[in-house]
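Participant: Here's the letter readout for the chains.
There are 2 protein chains.
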Amino acid sequence: MVILSKTDQDGASLSSEAIRRRIRTGAHDGHTAGLAAGKLQCNLAILPEAYALDFLRFCQRNPKPCPVVGVGDTGSHMLPTLGRDIDIRSDVPRYRVFKEGALVEEVTDITSHWADDLVTVALGCSFTFENALIRAGIPVRHIEMGRNVPMYRTNIDLVPAGPFGGQMVVTMRPLKADQIDAARAISAKYPQAHGAPIAIGDPAAIGISDLSAPDYGDPVDVKPGEVPVYWACGVTPQNVLKAAKLPICITHAPGHMLITDVAEDAETTIYQDPNQNEKTNKE
Amino acid sequence: MVILSKTDQDGASLSSEAIRRRIRTGAHDGHTAGLAAGKLQCNLAILPEAYALDFLRFCQRNPKPCPVVGVGDTGSHMLPTLGRDIDIRSDVPRYRVFKEGALVEEVTDITSHWADDLVTVALGCSFTFENALIRAGIPVRHIEMGRNVPMYRTNIDLVPAGPFGGQMVVTMRPLKADQIDAARAISAKYPQAHGAPIAIGDPAAIGISDLSAPDYGDPVDVKPGEVPVYWACGVTPQNVLKAAKLPICITHAPGHMLITDVAEDAETTIYQDPNQNEKTNKE
Chain A
15 MVILSKTDQD GASLSSEAIR RRIRTGAHDG HTAGLAAGKL QCNLAILPEA YALDFLRFCQ
75 RNPKPCPVVG VGDTGSHMLP TLGRDIDIRS DVPRYRVFKE GALVEEVTDI TSHWADDLVT
135 VALGCSFTFE NALIRAGIPV RHIEMGRNVP MYRTNIDLVP AGPFGGQMVV TMRPLKADQI
195 DAARAISAKY PQAHGAPIAI GDPAAIGISD LSAPDYGDPV DVKPGEVPVY WACGVTPQNV
255 LKAAKLPICI THAPGHMLIT DVAEDAETTI YQDPNQNEKT NKE
Chain H
15 MVILSKTDQD GASLSSEAIR RRIRTGAHDG HTAGLAAGKL QCNLAILPEA YALDFLRFCQ
75 RNPKPCPVVG VGDTGSHMLP TLGRDIDIRS DVPRYRVFKE GALVEEVTDI TSHWADDLVT
135 VALGCSFTFE NALIRAGIPV RHIEMGRNVP MYRTNIDLVP AGPFGGQMVV TMRPLKADQI
195 DAARAISAKY PQAHGAPIAI GDPAAIGISD LSAPDYGDPV DVKPGEVPVY WACGVTPQNV
255 LKAAKLPICI THAPGHMLIT DVAEDAETTI YQDPNQNEKT NKE
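Order-wise, the sequence lines are chains A and H.
For the first sequence, this note's numbering gives the first residue as 15, with consecutive numbering after it.
For the second sequence, this note's numbering gives the first residue as 15, with consecutive numbering after it.
There are no misleading hints in this set.
A pair counts as met if it fits within one copy or between any two copies, since identical chains are not told apart.
Derived lysine to aspartate or glutamate pairs resembling DMTMM-like cross-links, with alpha carbons at most 25 Å apart:
| no. | residue 1 | residue 2 |
| --- | --- | --- |
| 1 | Lys259 | Asp229 |
| 2 | Lys190 | Glu281 |
| 3 | Lys259 | Glu63 |
| 4 | Lys256 | Asp131 |
| 5 | Lys237 | Asp195 |
| 6 | Lys259 | Glu120 |
| 7 | Lys237 | Asp216 |
| 8 | Lys259 | Asp68 |
| 9 | Lys256 | Asp171 |
| 10 | Lys203 | Glu281 |
| 11 | Lys203 | Asp279 |
| 12 | Lys113 | Asp101 |
These are computed hints drawn from the structure, not numbers from a lab.
Construct all of the structure, not just a fragment, from the sequences and the given hints.
Facilitator: Below you can see the structure in the form of structure tokens.
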């Protein structure tokens, strides 16, 4: 369940940079759903450089659950390619710190954990295509019900890299049969946010035994005539990181994402400062 | 200029795997344009692991010139994520070997150069969107003229990472004004192959002084009423690698690409063996 505290009721009207400033100062430490509309939000993985090459290889080989949208310099706590003045130590509302695969702490600031060998990897999240579905008139059940999205472990093997591997976690959204083609086409436009569905229909076919008992998040109603549609999920890399039992690894807390300054529908996820970028905006 | 020798006149009808086998045995060491229609072809960069994390960061930050489509394990000469039985030491028709930034050799096999610390990075190439343009009835001038695409250094700064940085190289294709929107939409569908144009129109705006004198490749005619359209180019990472003066770095020779088993229009560039992949094909 998402921990709700100091959630910014007015956040939807604030810019991404203004919200990050409130997060940095502690004025907002709640979830980020619906904040900074139109801006890319990200899953977060911070890990020692010794594992970063393998982790990037792992993400490259599993782009649907692990779409890399930003990578920091080793030891740098700034992420200039995702926005102005992003300090990854303080600009995410809530973090989880893992040691040897065990959760040791949930905190709102990781400055005390920062080290010169840490590398930040930002990964796209499903908020992006959910927003696009809703704009297209396709309702998203867990949002309608005010719940977390249901997430399930599957038997879909990931392509391994170094110590990273395992099976994919998926989210499920029930859709009417005549909405599926449109939902597929819309989500496919966002490869940086899990892209098109991984599977449609029979949960047993991908190793899910009971849709009413998700492994993470909350169950949602699947109404008569609706078909469960499964997308790759950002919990996948979190589980993979935990299973690899790294000496240290830091992620965001579920629902408490990094809000970037990159537009959700930008062709690439690399932030271009409008004041410093005249010559590459010729189109 | 492309070096033409032992070019496979019948190659267009052979499967990607069959062509690689001919390349491996030395039966084909010419360019790969037009071979294995519908299959993704790749630029190649092989470099020591010590530089691989920075190079992947560089590519992530510059996805239009440097779209990563495959990364090998350190020391492994196989590339299973791009196809069946790809041995990167022998399955590219022609390689260039650089030491400290200087070209030392052009060869058809790099087995003697292989080392346990080398990492292979495969990058998308413009063949993919050119094929799509032609299928859509938009002619590509340098192909019509039987020439290499004209390529130009620009003043567009790349986002640096570690020792890698510099300015972007672009290709240019002249189009009629009423073809530009379609060409943009078509190429934007292939983010793994440089995506939408980087710039359109005035060459001086991106630092090109004379369109008739490309820095690489051949000049092409720009007819009255046509507009030059510029795409990010795979020579960019090659120049960046040369400038970084790595102890060793191996690339393909221009036009002599890695032919993969991945479909050009696949949603991701990760090869899935049809015999081993039943459960992820539920869609």
